[in-house]
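What follows is the residue order along each chain.
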Amino acid sequence: MDIEDFDVAQIRKDFPILREQVYNKPLTYLDNAATTQKPQIVIDALTQYYSKENANIHRGIFCLSEQATKRYKSARHKVQGFLNAASDKEIIFVRGTTEALNLVAHCYGRTFLKAGDEVLITHMEHHSNIVPWQMLGEAIGIKPKVAPINDQGELVLEEFKKLLTDKVKFVSVVHVSNALGTINPVKEIIRLAHAKGIPVMVDGAQAVAHTPVDVQDLDCDFYAFSGHKLLGPTGVGVLYGKKEFLEKMPPYQGGGDMIRSVSFEKTTYNDLPYKFEAGTPHIAGVIGLGVAIDYIQELGLDRIQDYEHKLLEYGTEKLLQVPGLRLIGTANQKSAILSFVLGEAHAHDIGTILDRQGIAIRAGHHCAMPVMQRFNVPATTRASLAFYNTREEIDRLVAALHEVTEVFR
Amino acid sequence: MSGDVRELYQQMIMDHNKNPRNFHAMADADRTVEGYNPLCGDHFKVYVKMDGDVIRDISFDGSGCAISKSSASMMTAALKGKTRAEARALFSEVHKMLSREAGEPFDTAKVGKLATLGGVCEFPSRVKCASLPWHALLEGLEPTGKQVTTE
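So the protein sequences, as listed, match chains A and B.
Read in order, the letters of the first sequence correspond to residues 4 to 412 in the numbering used here.
Read in order, the letters of the second sequence correspond to residues 168 to 318 in the numbering used here.
Bear in mind the hints are in silico, worked out from the structure with no lab data behind them.
A couple of the hints might just be wrong.
[Said to hold, decoys possible] Which chain B residues face chain A? A few, computed with CB under 7 Å, are given here:
1. Tyr203
2. Leu206
3. Cys207
[To be verified] In silico negatives: residues of chain B with every beta carbon more than 10 Å from chain A:
4. Asp171
5. Val172
6. Gly208
7. Asp218
Glycine is no exception: its CB is placed at the ideal position from the N, C-alpha and C atoms.
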């Protein structure tokens with residue numbers, strides 16, 4: 004595909020915020036790894052639900068409730084199709100990736116792991132795939148083990164294999180690194196772990212909006228993502244889990260919806276997926292996420308991936324022309340994330356200067372402090388691209404970076 | 168470039184960033200206080216050597232953005248030889264200057280050269296950077312035992 008074949012000008016019209024101005028400059032939104040913008044149809048779906056359809060699900064015997072229940076269920080079905088899960092019972096709605104990872108660490112970890120067992124993660128994990136395992140370690144004595152990364156920010160697969168000892172009882176890895184952009188060879192990781200009978204969870208927060216994901220092809224046991232990084236609302240996310248695991252795991256929280264019957268003596272839990280969805284869920288969010296998935300599937304993730312890769316190549320080339328700029332994360336297999344340091348300028352100074360040019364980027368440790376330590380930098384500046392970004396926006400970023408070097412001359 | 172960014176990153180701030188004053192550790196300091204903002208990564212130590220009630224020597228080291236570093240540098244330059252009470256008073260004036268509403272005037276005479284940092288209040292997310300070394304100083308003068316951070 005040529006970059007021109009992707010009608011980005013037309014696509015941008017679907018996103019009202021992209022018409023906004025910041026400090027009288029057009030908004031250049033390059034913080035998509037933090038959260039993506041929302042197309043009008045997702046915003047409309049939320050308005051439509053709250054203004055015309057609002058009712059609780061699974062209980063009302065009236066028209067609105069039945070309609071809301073139907074739309075909620077239909078969204079689950081859409082997620083099933085989106086991930087190519089075998090059943091929609093394997094799709095659990097949660098608050099986001101963080102909650103999904105915590106749910107598995109808690110429900111799987113406390114049931115099937117014991118003191119001395121190891122959980123293998125990588126050096127490029129987001130804090131949300133580190134801290135739940137440390138908490139589990141404090142609670143029951145499991146030990147998180149960390150597979151190293153090389154200077155390009157790639158997982159060292161040979162070391163990963165060595166660490167995959169008989170002590171390892173669970174593997175949890177990020178699909179795409181939010182701080183480096185590295186795409187991990189998750190299919191290979193899963194194959195290696197499964198060869199030793201070890202289940203694998205994949206943190207897909209940075210993957211699902213940028214590359215097609217097929218959980219049956221990957222053969223992962225758990226897969227987690229957030230709605231708001233996939234054009235959907237905040238506060239809603241998905242945990243995919245293989246039925247054989249979800250069925251054996253105890254519920255995460257107790258309350259309404261997750262039970263079949265309750266007495267003071269005995270409670271019977273509901274079937275999947277409701278067992279893991281205690282209380283009234285984020286109904287509007289789930290419906291909005293369903294619409295976001297429709298939107299992204301209509302555009303086509305293959306085409307999105309292709310276009311974003313061309314943007315990445317363009318951005319990499321242009322950024323490397325800025326004197327003193329060093330990219331952090333130069334993996335061979337990379338998503339459209341450009342993390343960098345620039346001469347003596349601190350990431351927050353860069354962030355402030357770019358902000359006044361209307362350019363939104365992230366400056367800091369990206370909730371991946373071990374990655375910063377690995378590359379011996381306190382923080383990086385990160386431009387993370389989406390399919391609605393353009394080469395012209397990258398040019399704007401580069402021009403503003405030249406101004407940064409001028410200030411810090 | 169828009170004027171207000173130039174105002175923030177004016178010559179004196181950039182000079183202190185590039186050539187920070189009193190930028191070294193102090194082995195015989197009476198008080199060494201660490202100030203750390205983990206989200207943005209500003210991380211400094213402020214060293215104070217007292218002579219009775221007077222700050223005989225003050226220095227800092229560590230790393231951070233231009234705003235935090237120049238603020239620390241200017242702070243050490245302003246406080247050498249000052250009494251505890253004078254330092255406390257200057258802390259209050261700087262605090263007022265940094266946390267005032269954008270566009271509101273402040274008493275430049277009371278802060279002297281530190282008035283250079285007056286524009287920081289126009290950048291709310293950066294006020295914590297400028298104030299970090301000052302809070303480390305305050306902990307040095309009036310210890311509470313708490314971890315110093317302004318995030």
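Exercise. List, from low to high, the hint numbers that the structure doesn't satisfy.
Key: Those not satisfied are hints 1, 4, 5, 6.
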